[in-house]
Structures are given as structure tokens and as C-alpha cells.
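Asks: Hints in hand, dock the two standalone chains.
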Amino acid sequence: MDLVTQISQSIPAILFFATAALAVVAAFNVILQRNPIYSAIALIVVMMALAGVFLTLASPFIAAIQVIVYAGAIMVLFVFVIMLLNVRAEESITDKVKYLKFVAPALFIALLAEVGAIVGAIDAVAKPAISANTVADPSKVNGTVESIAQAMFTTYLLPFEATSVLILMAIVGSMLLAKRETPEEAKMAYDAARDYREQAD
Amino acid sequence: MEEFLKTNLLHPNVAWLVEASIKMVAFWLFVTLVVAYTTYAERRVLAVIQNRLGPNRVGPFGLLQPFAELLKFIFKEDLVPLAVNKWLYIAAPAVSLVPAMMVLIVYPFGPEVTIPILNIKVPLYVTHMNVGLMYVLALTSLGVYGIVIGGWASNSKYSLLGGLRSSAQMISYELALSLSLVAVILQVGTLDLVKIVEAQSGWGGMRWNIFGLMGTGFIAFWIYLISAIAETNRVPFDLPEAETELVAGFHTEYSALKFALFFLAEYVNMTTVSVLATVMFLGGWNGPLVAQFPWLGIFYFIGKVFFFLFLYIWLRGTLPRLRYDQLMNFGWKFLLPAALFNILLAAVIALIAY
Chain A
178 MDLVTQISQS
188 IPAILFFATA
198 ALAVVAAFNV
208 ILQRNPIYSA
218 IALIVVMMAL
228 AGVFLTLASP
238 FIAAIQVIVY
248 AGAIMVLFVF
258 VIMLLNVRAE
268 ESITDKVKYL
278 KFVAPALFIA
288 LLAEVGAIVG
298 AIDAVAKPAI
308 SANTVADPSK
318 VNGTVESIAQ
328 AMFTTYLLPF
338 EATSVLILMA
348 IVGSMLLAKR
358 ETPEEAKMAY
368 DAARDYREQA
378 D
Chain B
889 MEEFLKTNLL
899 HPNVAWLVEA
909 SIKMVAFWLF
919 VTLVVAYTTY
929 AERRVLAVIQ
939 NRLGPNRVGP
949 FGLLQPFAEL
959 LKFIFKEDLV
969 PLAVNKWLYI
979 AAPAVSLVPA
989 MMVLIVYPFG
999 PEVTIPILNI
1009 KVPLYVTHMN
1019 VGLMYVLALT
1029 SLGVYGIVIG
1039 GWASNSKYSL
1049 LGGLRSSAQM
1059 ISYELALSLS
1069 LVAVILQVGT
1079 LDLVKIVEAQ
1089 SGWGGMRWNI
1099 FGLMGTGFIA
1109 FWIYLISAIA
1119 ETNRVPFDLP
1129 EAETELVAGF
1139 HTEYSALKFA
1149 LFFLAEYVNM
1159 TTVSVLATVM
1169 FLGGWNGPLV
1179 AQFPWLGIFY
1189 FIGKVFFFLF
1199 LYIWLRGTLP
1209 RLRYDQLMNF
1219 GWKFLLPAAL
1229 FNILLAAVIA
1239 LIAY
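So the sequences go chain by chain: A and B. Going by this note's numbering, the first residue of the first sequence is number 178, and it counts up by one from there. Going by this note's numbering, the first residue of the second sequence is number 889, and it counts up by one from there.
Source of the hints: derived by calculation from the structure; they are not laboratory data. Treat the numbers as computed from the prediction; the structure is a model and nothing was measured. Here a beta-carbon is modelled for each residue, glycine too, at the ideal position from N, C-alpha and C. Please note that a few of the clues may not be correct.
DSSO-like, lysine-lysine: derived pairs with alpha carbons at most 30 Å apart [as the list claims (entries may be wrong)]: (1) B:Lys1045 with B:Lys960; (2) B:Lys1221 with A:Lys356; (3) B:Lys1009 with B:Lys1083; (4) B:Lys1045 with B:Lys911; (5) B:Lys974 with B:Lys964; (6) B:Lys1221 with A:Lys364.
To be clear about the criterion: a stretch of chain A counts as covered by chain B if any three or more of its residues have a C-beta under 8 Å from a C-beta of chain B, and this derived list gives those stretches [unchecked claim]: (7) 214-225; (8) 246-253.
So here's chain B without its partners, still in its complex pose (with noise of 0.2 Å):
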């Protein structure tokens, strides 16, 4: 596509820039539509989950809730209780969301493919990096203070308990997280998000890092969902939020649209974490036939992902959640040494089989 600018109508610059804005847009169009479609699948897998119906009103099967509900908290009267903390109160939605965003341009969403009749080849990421992983996890890192900004400053206990709850829990389970990817880097030996994709095609596609250095990928893939899922709040380990306890959490305080800036921040961070889980673990867009129809691949990496939204609703109507003490146990005690005993295993097994 950048040749394509470049050859037509424009200064090499100002196309590359034309090209990666038009992929930033889509790709947040994409993840915003995403966003707002787990919201629903979300309701209507519970309510398959609990024997009920679920929303099926607005729209055919109640399709078009997500607008619905958009409609509604944006008119929704924007309740800024007196005792709080102004700037920082107004501020925290937009914390959580930006970083949470901003993590997007590093993804490749699918392979190089070509676009037909105009006949112009267009690789799926915005950009690469050098250090794409470590620019997501400088990322994710700060996604917390958005939480613990906006709990401390509603000024009200369940909030501030809610941000606390979340700062202690993110720092505990973003240590296992990392950890677990350094299995991966092991493997590919490379830190860039759009290489270590390519170098899962290999097998048909198939030669996804899970499967690699005898089982030390397999162990590594589930300590990064399960801190994935932590990191993420939600259940089992929704405590900054939990109901029966505090109210909402952290947005006890928030209504109409910064509370849904809260929300869709946490749906976001879901599939960003769930995209990082598919690029680091199950091969991105790879799969069979990727090498001859290259559009395959969008659908191969859109199902993973979605395969991981789903888990997430899964054991949301399946889990109840755990008391914070077992949460910390949990994180420190088992899965941190485990992370770092799949490093040594895997050092070993890496240094011995090439």
C-alpha cells in the first residue's frame, strides 16, 4: 500500500503516514465493534449458562444492544459527586483507556495480503518494533493507575478499597505474566511482535509456540491466561470490583459516560490480553492453507481471539471468585515460581535442542 501511495501520488513520507493512519482507524473501529459485541455475547452466553433468555429485543436476536446501551449512557444524567478530587476524578476513565489503545499498533491482525482489483499488497500491523513485547508490557503496566486514580480520587471507601484491591493485584500478577512470555522469546528469539508470528508458520501453520520446547510452551500458555485473567480483573479474580463486597469497586462513583469509558477500557484490555495471548501462543493469524489464501488468516486470527473472549465468559457464569488472601497466595507462592521454574526447564531444553 505504501508503494502504491508512493508510486501514485505522494511524498514517501506522507504516505507512510496516510497508510498507518488508515490501519489505526480500522484497527480501532475493529476492536471497539469487538468490544461492543462481547458485551452482548457476554449477556446472552450467561444467560445460556443460567437457563434464561437474555437480551433478544433491540434488533434481530437483540443485535443491536450494544447501540442501545451506548445511546442510553451517553444521555444518562453525568453525576460528579462534590467530595471528589475533580481533575483526577474527570481524568482516570481516559488513563485506563488511552494506554489500554494505544497498545493496538503493534498487533499484526493478519498476513500480507492483496487487496483485489486495485491489486495492492498490504501487510496487517501498523508498525513493527524492535521491542513490540516490551512496548506492550510497558503498556499493560500502566493501565492500573487509571483504576487506582479513579478509586482514590471518588473519595469513598469501596472505591478506594476497589483501587487498592487492583494496584496490589495487578503488580502480583504482571510479575507471572512477563515471566511467562520469556518461554516464548526463548523460542523465536525475538522481541518483535511481527517476527515471532512468522516464525510460528512453519508445519502447515501449525507450529504454534504452544506447542513448542516439549511442553514448556503448554505450561507457559497457562500461567499467561491465568495472570492474564488477573490482570484483567475479572472472574475469578474480579475483587477490585467484587459486588457482594464493594459495591462496584472502583467505579462506584462514575455514571453515564465516564463509566462507560471504565468499561469499555476493561473489555479492551480483554482483547488486547487475549491478542497477545494468540500472537505469543496459538500462531496469530497462522493455520492451514494460510500460505496459499492469506485472507484466511484474518479469520483464523479473529476466531482464536474470539475463542479467548469466549473462555472469558465461560468462566465468568462457571467460577465463583476467590477471597483476596488465596488470590495473593495464588499469584505469589505458585504461580511466580512456577513461571520462573518453565524459564530454567526451558532454557535448558532450548540450549540442548539447538
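Pulled out of the complex, with its shape left as it was, chain A reads as follows (with noise of 0.2 Å):
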């Protein structure tokens, strides 16, 4: 085999271990940042290392989600309230929260236990991934959307169903909150918090 077949084989890895450490720095810098934009940036970083380390395992749709979803959704939303409040570095707030200490090194304990676990299970040689655009039917490619779409809507319905579900309450409780009151609402609310003050007194 000659250098260039060994260095392009070898860039995966090199990406993977990259973007891995990469993750493991930023979400250290999430923790130890005293500033609350610094942390939501920090995670956004997590966010797309994350991305790297499934694109290099071949996971080219579950990396596209997770830029889409997290990096390009869910941080959007807590960056925006974080400058909507204008969150100022936050003083110390360990105090409030006391029993936390004693929870944190037993969950630390169990994650190292699960990573354990996993690295005890990893096949010793790596497979190379096949590239989805080579193939004459991307259904049968791990981790393309058509092989994921074909085990979400047969194999895995019903958790796929039951998540949506899940996700339509969480959108109706959300548009229950959000909701205008009519004036005639609004009175009964107004009347039903004087009663109760009456009755108190």
C-alpha cells in the first residue's frame, strides 16, 4: 500500500479523534464558563463537533439533524432569551442547590462505567464506510436517509408515532399557554381570584 492510500485512509480517524476532543473541550468550557453566552456558545461548538463525529462514522443524516435541530434551533432559542434577558455573568449559585454535589460524582461514576462498557464491546477492526453515492441503492448504506426512513416508518412505527405524540403535546400545551384570553375569560379569571380573596379573608 503505498503513503497516499495510507494518508487518506487514515484522515477519517484522524477526524473523528479531532472532532471528538474537540466536543470534550468545548463542553468542559459549557461548565466552567462564568458568562452565560460563553456557555451557550461553547455548547453550540459541542453541537457541531458532535456533527463531525457522526458524519465521520458514517452518519451523514443523523450529523445533518443535528446541526439543524440543535446548533440551528434549539441554541438559536437560548442565545435569543439569554440576550433578551441580557444575562449578566452569574455569581456563584452552588448554594441553592446543595444536594447536587452528591448526585453529580455518582452519575460521573456511571457514565464512565457506560463508556467502559462500550469501549469493552467496540469490534477491534474498523470497517471502512462504504459512501452512500457509490451505490446503486442507498437503502441498503447504514446511515443514508433512505435506510433510515425505511427503519423509521417500518421496524420502529410505533416509537416513531408515540415521540410524535409526545412532540403534539408539548405544541398544545405551548399554544394553551400562549393563548389570548377573551374578555369574557379574562372576567371569569378576575372574578374567580376575588372570590378566593374574599373567602381567604
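Replies: Here you go:
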């Protein structure tokens, strides 16, 4: 095997470790930064780095979804709210949530155990990823849109629908909270509050 | 071209890299040039609409105006106000420009053409991805950060308000934009932009998606067009930089080359959004006689993109700006339900037709 082939075959591995390291460093940054806006930006970097990890693991669809949903939508809302409220660099608030101090080490040990179990279960021999562009039927290749869609709408249809219902509930809930009151409803709420106060007196 | 390099001098992987690099630089230069002349065209066309002359002094018909402006931007004093958040302030213009430029690698700018004399076949796209469209949408959704971070880091009320308006506006219209594209995906059955264009080559090069699925393609096109204008913060949706209310919006505190980068990012976004409209709805490089003369495809492609850029300028010279509540109501209460209903309609028609 010549040098160029060797180099080009090791590029995915190099990229994997680079993006994985970036994700870890940025994740530490999220909790170490005092200024919430820096934490949010570090979290965006984590999401992007994770997308890179998915790409090197031959899952382009998940990588794209990762960027669209997390970096492109959810984090924009986070940043929006932080900027709208103009949250300043926070003083230490550890006093308020004392019990978390005891939960955190336990969770950390559990996480380490999980990582260890996964590393132990990994195939020692890495298989080269197949490019979805070069095959005739992309639905046979893992990680393509076609294969994910087929799995989602056949094998995993029930979990998929259940998740949809969950999201629908969240949407209906937010609609209910944001709904503008009609004058009658406002009057009813006002009367109820007044009755409650009178009874309390 | 890859074949040519492979047989003549290079290792296949290096050949691929060389070809991709050449194409990337070529597309980048092409888009930058298009952007430069869009700014010129904007000023000339607006002048015609407003019954005046516009810039006509630098070079013949003022054609060198963009370069004169670039020089001016370079030699201006680069002010960094004292109260800004320095790192983010400097990073923001780059953050808005980089995703806009990264999108270019998946667009097919033309069919496979043969370079005369050398007799090398070159497909006019850098790469094609199984998730090409998702890649484009992902990068478009990142473009908002440059504006938001720039607005916040400037530490100015006008900039902050511009940035906030922009983020709310862009998330709102992104939904309608993405959903309008579903009607196209239903027709072609792939997310690969190269295959999407190739699928539209029927009917003598006129089988464009805009005509497909009994009019739902046409509805989708209108929804896309309106949300794309809002996504790029252009008139009549240019609230993030509304001059009459916010001085200059998110880039109030920027000067010299940093301002130029924001400016460039806005116009590159306009161009890429127009390219996506061309690729998804107007058949990309397809048109009559492309099968016989592949080079004609490039001209069709450029013509269609220029049509959209002209439309942007035309709208700017014609329409007044919306109020912010009108913008939000229109996006959420009209465009989004319309896009959803259109998907339903298109799905039913696709189910019956195929």
C-alpha cells in the first residue's frame, strides 16, 4: 500500500479524534464559563463537533439533523433568550442546589462505567465506511436517508408515532399557555380570584 | 477530469483532491464576482426605478465601481468601539460569511461538460452528497449566529435589537422554507441536489419541479420565494437593519472590512438562496437543447440565478417594509399553515399519480 492511500485512509480516524476532542473541550467550557453567552456558544461548538463525529462514523443524515435541530434551532432560542434578558455573568449559585453535589459524582461514575462497557464491546477491527454516493441502492447502506426512513417507517413505526404524539402534546401545551384570553375569560378569572380573596379574608 | 489526472500523472486520491480544489476556488471566485456585480446592479437598477442615473463614473458605465468600493473598504479606518466584547465582535463577520460560502460545494452549476481541445470531461459540481439538501439547510440555519453574536457583542441598543429581530425572524421563516421544499422532494425522491437537477431533465429540459404535482410545486415555489427573502433579511422583510428605526441594525458599530464581510455575507446568502431556488424549482441547468450542447446549461443556470437576484432588487425598489407584528403574523399564521397544507396536498397527488 502506498503512502497516499495510507494517508487518505487514516483521514477519517484523524477527523474523528479531532472532532471528539473538540467536543470534550467545548463541553468542559460550557460548565466552566461564568458568562452564560460564552457557555451557550461553547454548547453550539459541542453540537457542531458532535455532528462532525457522526459524519466520520458514516451517518451523514444524523449529522445534518444534529446541526439543523440543535445548533440551528434550539441553540438559537437559547442565545435569543439570554440576549433578550441580558443575563450578566452569574455569581456562584451552588448554595441553592446543595444536593446536586452528591448526585454529580455518582452520575459521573455511572457514565464512566457506560463508556467502559461500550469501549469493551467495540469490534477491534474497524470496517471502512461505504460511501452512499457510489452504490446503486442507497437504502442498503446504513446511515443514509433511505435506510433511516425505511427503518423509521417500518420497524420502528410505533416508537416514532409515540414520539410524534409527545411532541404534539408539547405544541398543544405551549399553544394553551400562549393563548390570548377573551374578555369573558378574563372576567371569569378576575371574579374567581376576587372570590378566593374574599373567602381567604 | 479526475480520469484525465489519474491516467496522466497522479495518484487517484490526489487527483480527486486537485479537481475538488480547482472547482471550489472557481465556484468561490464566480460567486464573489456575482456578488460584486449584484451590488453594482442593485444601485443601477434602483436608480432606473427611481428615475436617476446611479454610479456611472468608474470605468465604462461605472462597471469598475465594485472594485473601487472594495479598495475604499480596505483603506478605511477599522474602528473597534471600546465597549464591545472584542473576541465575539471580531469573530461575528466571519461566522456569518463562512457557512454562506460552505454551501457552494453541493450545488451543480452545470451538466457534465467537455473542455475543448484537451477533451476532458468535467462534471460542474464539487461533490454530491446523499444528504445534500439537509447539508444546505443545516448551514443556512447557522448563518443567523453571525448576525446575533455581532449584534450582541457590539454592546449597542440598536445592534442588539437588530440581532434579536433577526434571530426571531430567521427561525420563524426557516420552518416555512424547509417545509416548502418537501413538495419538491416528493416529486424527485432524493435529497441529492445533483440527482434533483438530473431528474428535471425530461420534456426537452423543461420538466421543472415548479410545474410538477398539479400546481403544488408552484405553491411551494411561492412559499419558498417569500421565506427566502425573509431568511436573507431583504426588503420587505429587512427589519434587522431597518434604517428608519435601528440606524443600521446589527452592523451599526461595524466599519471598514468587518462591515464589508457582513455585506458580502448578505449578498452571498442572496446568491445561494437564488441558486437553491433554481436547483429545486427551475430545473437548475436544464433547459431546451442542453442535451445536445452541455455548455448551454451554464448559461441557463446563470440566467435563472440572475433572474432571482434581479427580483430581489426589483422588490427593494418597489415594496415598503412590513411592521414586525405583520411579519410574524404572516410567517406563522399564513406561510407555515400554507406550507403544511401544500405538503398534504402534494402527498395525496403523488400517491395517486405514481
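Asks: Compare the structure with each hint and give your call.
Replies: Hints, verified against the model:
Between Lys1045 (chain B) and Lys960 (chain B) the CA atoms are separated by roughly 28 Å; this keeps the pair inside 30 Å, and the hint holds. The suggested pairing of Lys1221 (chain B) with Lys356 (chain A) holds, with an alpha-carbon distance near 14 Å, which does not exceed 30 Å. Restraint check for Lys1009 (chain B) and Lys1083 (chain B): satisfied, since their Cα atoms lie roughly 18 Å apart, inside the 30 Å limit. The straight-line distance between the Cα atoms of Lys1045 (chain B) and Lys911 (chain B) is roughly 43 Å, outside the 30 Å bound, and the hint therefore fails.
In summary, the hint linking Lys974 (chain B) to Lys964 (chain B) is supported, as the alpha carbons are separated by about 19 Å, within the 30 Å threshold. At most 30 Å may separate the alpha-carbon atoms for a hinted pair to count; Lys1221 (chain B) and Lys364 (chain A) meet this at roughly 27 Å. Coverage of the segment 214-225 of chain A by chain B holds in this model, with 3 residues showing a Cβ closer than 8 Å to a Cβ of that chain against a need of three. Only when three residues or more bring their CB closer than 8 Å to a CB of chain B does the claim for the segment 246-253 of chain A stand; here the count is 4, and the claim holds.
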